[in-house]
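K.L.:
All the letters of the sequence shown, read from the start, carry residue numbers 115 to 322 under the working numbering.
Don't take every hint at face value.
Listed next, with one range per pair, are the computed distances between beta-carbon atoms [said to hold, decoys possible]:
#	residue 1	residue 2	range
1	D202	T232	34 to 44 Å
2	I185	R155	34 to 44 Å
3	L231	T290	15 to 25 Å
4	P246	L152	20 to 30 Å
5	T298	L152	31 to 41 Å
6	T240	A141	23 to 33 Å
Everything labelled a hint here was simulated from the structure, so no lab data went into it.
Ideal placement from N, C-alpha and C gives every residue a C-beta, glycine not left out.
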Amino acid sequence: MIQGLQMLWGVVLLVVITVGQTCAAEAIDIRLHSGTPLEERGREQLRRLLRTYDLHRWLFTRDILIQSGVIPHSHPVLTLNTRYLVDDTAELATFVHEQLHWFLTDHVERAKTNAALTELRVLYPTVPTAAPEGDPLGERSTYLHLIVCHLELQAVTAILGEQSARQQMERWTHYTWVYRTVLTETERIGELLRRHGIVVPEQPRETE
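Can you make the complete structure from the sequences, with help from the hints?
P.N.:
Here it is as structure tokens:
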């Protein structure tokens with residue numbers, strides 16, 4: 115009897131997760147910049163990832179643009195390129211990274227972010243501001259990416275496991291100082307962000 119109930123609950127849980135992932139895929143509006151075959155493949159890849167993994171917790175904008183040849187960016191519209199069509203892990207990490215920029219801008223009080231950045235400046239007085247180690251947009255953006263990339267590590271760990279997440283972070287050829295610092299100072303940066311209330315909620319949320 116108990117074994118039968120456990121099996122039933124397992125089936126119910128699987129159905130709930132599957133329905134949730136399907137809804138997540140349907141909730142995302144994925145547009146193409148030029149409608150090329152590469153961009154079509156990019157859209158299908160992202161749809162498949164949304165069906166495969168439960169990404170509700172990491173979705174903060176539902177408007178996505180696929181555009182070949184651009185650097186992925188979050189604003190004003192989250193834009194992905196077609197570079198990682200045969201690398202699901204890299205595509206997933208990139209997508210989550212850009213979503214987390216939206217989390218910071220739309221779901222974290224600016225005062226909390228500024229307080230965290232001030233403390234990061236004390237911990238790391240000198241940061242690179244040139245590619246590939248830092249962000250060419252400037253010092254503030256490099257510090258900001260310490261936050262975003264730490265959250266990215268947390269997200270990909272939750273989705274794929276710590277080993278896969280850390281391996282992907284080590285593979286990146288951009289923001290290399292940032293990722294290296296996040297990987298070696300994970301607990302230190304994590305504690306700082308928690309203290310300032312920069313934490314992605316545990317419960318999945320619906321996109322607006």
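K.L.:
Are the hints correct? Go through all of them and say.
P.N.:
Hints and how they fare:
no. : hint                       : verdict
1   : D202 with T232: 34 to 44 Å : holds (37 Å)
2   : I185 with R155: 34 to 44 Å : violated (19 Å)
3   : L231 with T290: 15 to 25 Å : holds (20 Å)
4   : P246 with L152: 20 to 30 Å : holds (24 Å)
5   : T298 with L152: 31 to 41 Å : holds (36 Å)
6   : T240 with A141: 23 to 33 Å : violated (42 Å)
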